[in-house]
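Asks: Can you build the whole structure from these sequences, using the hints too?
Line order of the protein sequences matches chains R and X.
Per our numbering, residue 518 is the first one in the first sequence, and the count goes up by one each step.
Per our numbering, residue 30 is the first one in the second sequence, and the count goes up by one each step.
Partial pick of chain R residues on the chain X-facing surface, computed with a CB cut under 10 Å:
1) Asp535
2) Gln538
3) Phe541
4) Ser572
5) Ile594
6) Pro596
7) Ile599
8) Asp600
9) Asp604
10) Leu607
11) Leu611
12) Ile627
13) Leu650
14) Lys654
15) Leu657
Across the chosen pairs, the derived CB separations fall in these ranges:
16) R:Glu637 - X:Arg401: 56 to 62 Å
17) R:Gly640 - X:Phe88: 44 to 50 Å
18) R:Asp552 - X:Val373: 42 to 48 Å
19) X:Asn354 - R:Tyr610: 39 to 45 Å
20) R:Ser557 - X:Phe87: 43 to 49 Å
No lab work stands behind these hints, which were simulated from the structure alone.
No experiment lies behind these values; they were computed from the predicted model shown.
Built from N, CA and C at the ideal position, the CB exists for glycine as well.
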Amino acid sequence: MMVAICKRYLWNSSDMQDVLQESFISMFNNLNQFDVNKASFKTWSSRITINTCLSFNKRSTKNSSEELILNLHAPYIDPNYIDSMSDEELIGYLEQMPFPYLQIFNLFIIDGFTHQEIAEMLGIKVTLSRKRLARAKEWLQKTITDKNEFCKKYIFKQ
Amino acid sequence: MDDFLNKLKARTENLRLFNHEGVDQDALWANIEKEIGEVETKKTRGFIFFLPFLFLLFFIGSVGLYFNKNTEERVNMDNQDTTPQNSIVELPLNQSTSFCNDDDKQSQLGKKAKNILIKKPTEKLIPELSLTVEHPNFQFNIPDNDMASTSIVAVKKESKGSFFESSAELQNSNQQISTNKEMAVDESTKVINPKNQLNNSLDEKPSLKAKEKNVLLLTSDTIHLIEPFLIQPSSNSTLGENYVNKIYNRTKRKKISIGLFSGTHLLYSNYRSTNSGNQEREQLLNSGFKSQLGYSVSAEIIFNLTDKIKITSGIEYVYSINQFNYSTAWDTTFQSPQNPNIIVNRMFKRNVIHHNRHSIFSIPILLGTDIRNGRLALGINLGVGLNFTLSQKGKSLGDDLEVLEFPNAENSLSPIPEFFFSYHLCPYLNYQLSRNLKFQLRSNFKYQNYGTSDFYKEMGYSSILTGLQAGIIVDLIK
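Replies: Rendered as structure tokens:
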């Protein structure tokens, strides 16, 4: 579980072992703060791992700038198309997603945090969190459409 | 959330997105065990910081027992004062020392005299002993050449009442001092009692003057009554005078006071980088923190070593607040809502304002002195403080200039160490409200050195506390 979280949240997956180690140490050191009445151990340990990943990303991306200039004219995609995608295909799309969008996507869609919680965790405004989620969706729609058009245009025609 | 995102959520819930390949589990657990071992070692080391505290408690307890023992001895003396051998003045040759006490005697006013000490020194001890005390209302006059029959009498009543308003019996010669308000001269004891009305209270402050080489011996309970008028024995003082000095100083050493104080303060933080690469962080931290009013309460115990020197210790709770103000700005680009083909570039600014709070339990150890003028006393205390951090919460800049919250679940590091020293400078002003009660107004200047920590790597961290405190001091043992 923790490995999966690290892989999803880390900017650079080669740091996974370091982050896992930090997460385990944080858990052991703060085990006295764990209250079974408030949350399960799985939830508590997941939260610690996510926080550790986010902190690690902050440190590693401090001096890096990310190109966010995207032509986000996203076409409409039938939601049922998602069901027709294979696991590998879906993972492939998510792995290509720009990291700021993927971070919000992971936190909101997969781990179920609210925008308010995401804003506090990442140190951003709630509106920016909402915007990034919307743009993640647009990016995904556009990427799927572009790939399909590419396939139609160049692969299926052959 | 629209249908597209709902579908995505449904797909990802049971989707095994990634596996754990590529993780060297043995190396991972080996590193974890190593780190946990280091943390436990640090905790063990932390216990060492409590050793000075235990030592201080032992010291205070020992001093308390010492003074308590002295008090008991004095009480025993008071109770056995009909026995000549138990003289308070403890003269080496006590064959001519006599005592008079009033334990079972009642004055005509129905009040007990507290203590009467009569000293009849021999010529061997004090060959030139003579005493003349002048006052508009009474006189002592003890002839030089008649030492064998001369007594020095000091009578102490409770603080309210007349100075010489008690009955007393001189045991050696069965001489009774008259308790009439207009006492006659008692020729047999060579004591000239007050001529006029003797009901002048202590508040009238009679201007007693002891002439050169005169000696007045008083019990520890009575000495404070004429303390302001005593002449300190000179360097060539006689043996008898040295006894006065001995009694006087021993009496002063027994004085213990306790004080209760509260006040407010401002805490100015100072960061200094030990590495040239940290100067930006140093500048941001120094400009980002602003002091806000905190408060403190303390209970102190004051030991008067001598008339002028005193040691102060106790416990203090200090609650400080600092405002952390930090701004970051970054560019972002987004699609224009009106025209999807236009990309808008905007700059976002993030301003963090947070109130950092921390509380400290402090044990000051101060050495002080003062100058007295009437009811006022101006003094100063200097010393060190042992400080134990109780709690701290807030935000600050991390190593990479990111805003870090402390403490949090993922990071147990904190900027202020669990234990640190502080250096105190406390000028104060005392006002004597009553015999045993003083009001004190004082300012506090403390330099608190937190040293370097894992939170502020390659940064020195200290602060200066300036505050104002007011409180009362009660004298417990005189």
